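Undergrad: For reference, the chains in residue letters:
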Amino acid sequence: MIDLFSSIFMLSGIIFFLAGSIGLLRLPDLYSRLHALTKADNLGLGLLLVGLALHMQQPLFALKLLLIWLAVLAAGSASAHLIAQHARRQEADQ
Amino acid sequence: MNIISLYLVDILLVISLLSLAWASLTTADARRSVILFMAFGLVLALVWARLLAPDVALAEAAIGAGLSGALLLAAIGEQPGSSINVNTDHSEDVQDSNRSVVVTWTITGLCAALAIILAWTLLQTFDNVNNKATAQAVSENLTDSGVSNPVTAVLLNFRAYDTLLELAVLLSAVLGIFSLGGIRSPYQLAGPVFDGLARWLVPVLMLTAGYLLWVGAHAPGGAFQAGATLAAAAVVLRLAGHHNIGLPQGKSLHIIMTIGVGLFLLVGLSMLALGRSFLDYPPALAGTLILVIETAAMISIAATLVLAFLGGRPQMQKHKPC
Amino acid sequence: MLTAQWLYGISACLILALGLRATLLHTSLLRRIIAINIMGTGVFMMLVIIAYRGPDAVPDPVPHALVLTGIVVAVSATALALALLRRLNTEKADD
Chain F
2 MIDLFSSIFM LSGIIFFLAG SIGLLRLPDL YSRLHALTKA DNLGLGLLLV
52 GLALHMQQPL FALKLLLIWL AVLAAGSASA HLIAQHARRQ EADQ
Chain R
4 MNIISLYLVD ILLVISLLSL AWASLTTADA RRSVILFMAF GLVLALVWAR
54 LLAPDVALAE AAIGAGLSGA LLLAAIGEQP GSSINVNTDH SEDVQDSNRS
104 VVVTWTITGL CAALAIILAW TLLQTFDNVN NKATAQAVSE NLTDSGVSNP
154 VTAVLLNFRA YDTLLELAVL LSAVLGIFSL GGIRSPYQLA GPVFDGLARW
204 LVPVLMLTAG YLLWVGAHAP GGAFQAGATL AAAAVVLRLA GHHNIGLPQG
254 KSLHIIMTIG VGLFLLVGLS MLALGRSFLD YPPALAGTLI LVIETAAMIS
304 IAATLVLAFL GGRPQMQKHK PC
Chain C
1037 MLTAQWLYGI SACLILALGL RATLLHTSLL RRIIAINIMG TGVFMMLVII
1087 AYRGPDAVPD PVPHALVLTG IVVAVSATAL ALALLRRLNT EKADD
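The listed protein sequences correspond, in order, to chains F, R and C. Note that the first sequence covers residues 2 to 95 in the working numbering. Note that the second sequence covers residues 4 to 325 in the working numbering. Note that the third sequence covers residues 1037 to 1131 in the working numbering.
If you are wondering where the hints come from, they were derived from the structure by calculation, not from laboratory data. All values reported here derive from a predicted model rather than from experimental measurement. Check the hints yourself; a few may be wrong.
As the list claims (entries may be wrong) - Quick list of simulated restraints, FRET-style, between CB atoms: (1) R/Leu-21 - F/Gln-86: 42 to 50 Å; (2) F/Leu-31 - R/Leu-15: 26 to 34 Å; (3) C/Thr-1126 - R/Asp-147: 18 to 26 Å; (4) C/Asp-1130 - R/Gln-139: 54 to 62 Å; (5) R/Gly-265 - F/Leu-53: 39 to 47 Å; (6) C/Leu-1043 - R/His-257: 44 to 52 Å.
Claimed, not checked - Only part of the chain C face toward chain R is listed, based on derived beta-carbon distances under 8 Å: (7) Gly-1045; (8) Ser-1047; (9) Leu-1054; (10) Ile-1072; (11) Met-1075; (12) Thr-1077; (13) Val-1079; (14) Val-1084; (15) Val-1111; (16) Ala-1115.
Glycine included, C-beta positions come from ideal geometry on N, C-alpha and C.
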């Protein structure tokens, strides 16, 4: 039963990653691509890690995975902000 | 079912690896090549993990993908005419148009022949009966080595001489970098988002480095991974615009750079004074000695990697309010 | 011989050959540095695949230690090469 939930979570995480990658390839603008990539990848990673924590069934492991998710969230959002800010400044200079 | 999914993972990893390498080497734009090389390094860390080499995977992710990528990006950023819009930017031509097609195809053919000969030789060696010798020697002597992680035992006890020389190689590279020019130009002070990220990321990275150093005795980890994580923390500080990233000036800097090699040599020579061979630890003291050496090595590795990223000696800065 | 060894062994030799080809054919020094790094990666992969003993057995730790040393030496050589490149560009710009 737990394994079924774990698989559902991991699968939906992968679907979000796929959506983010398709957005990276198909969206027209730098900003929309950043938006799709950051949001979809963060959520996809979160779902994947929930599925993994359910699969391993150890509370310490789940805590480590939560910390990893928070770190990736912060770093990814900060990087997206920096890229968008730099692009905005370049547009303003031209 | 398990074997089939493993095959699938293997095929996907190999396809990603080869296509990333091909794309990185044949794309026209230099910046795109660097970014693809960083992605190649990360997929490579996955490959190491799949091939049951977790120490190598940690080192590859920290050093190979992280620090190498930072060095290459800093080098790209200094080239003239850099901008984020790569659509109309052709920094270099991939191949010299003057070179004839014959030379290109000859080189390609020779490299293909080299690949085939190497692959044939490599595949012959897999079933060799003598392959077991080194693994057996390590597992027999592991309890005397002072640690229970076999890779750390090999690096810091059985083949400690190689690690000593490797630290010396790092030191010589940084001395060469010092002699080639001054420090790279500093970055501007970061805005609130990046500054906030750096403020909590750097302490967490330092804590992780200490943990990796400690855990290297009985689980994947060790001095190199810890040193690289510390260096990454210093690089983040530098990128956030802090000039003074914690490296001292003058003689203290020299001490930090050389403490890895110095302490290693000291321990090795004191073994000679005790009547044993060079770097031959007594089994009772081996664990403690390895920890001491690894701590000094971590400090040295971190300092030398950061200095390699800085590109030169850190300058004396006027006191800036943080 | 395990399938993984066959698959990764051949890809290691391919990566080495790709890196060598790019080192010889590129004109830009920075691309050559990247290509030499990729060649080094091919060599490391050959070492790690020699150490691999199967999904259930403990791998041989000696090639892993060699690869760890190799990664650190490769990054220090890359740093020195990039410093040389930087100095070369400075000298060229001053002409």
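Undergrad: Of the numbered hints stated earlier in the document, which are not met by this structure?
TA: Result: hints 1, 3, 10, 11, 13 break, sorted rising.
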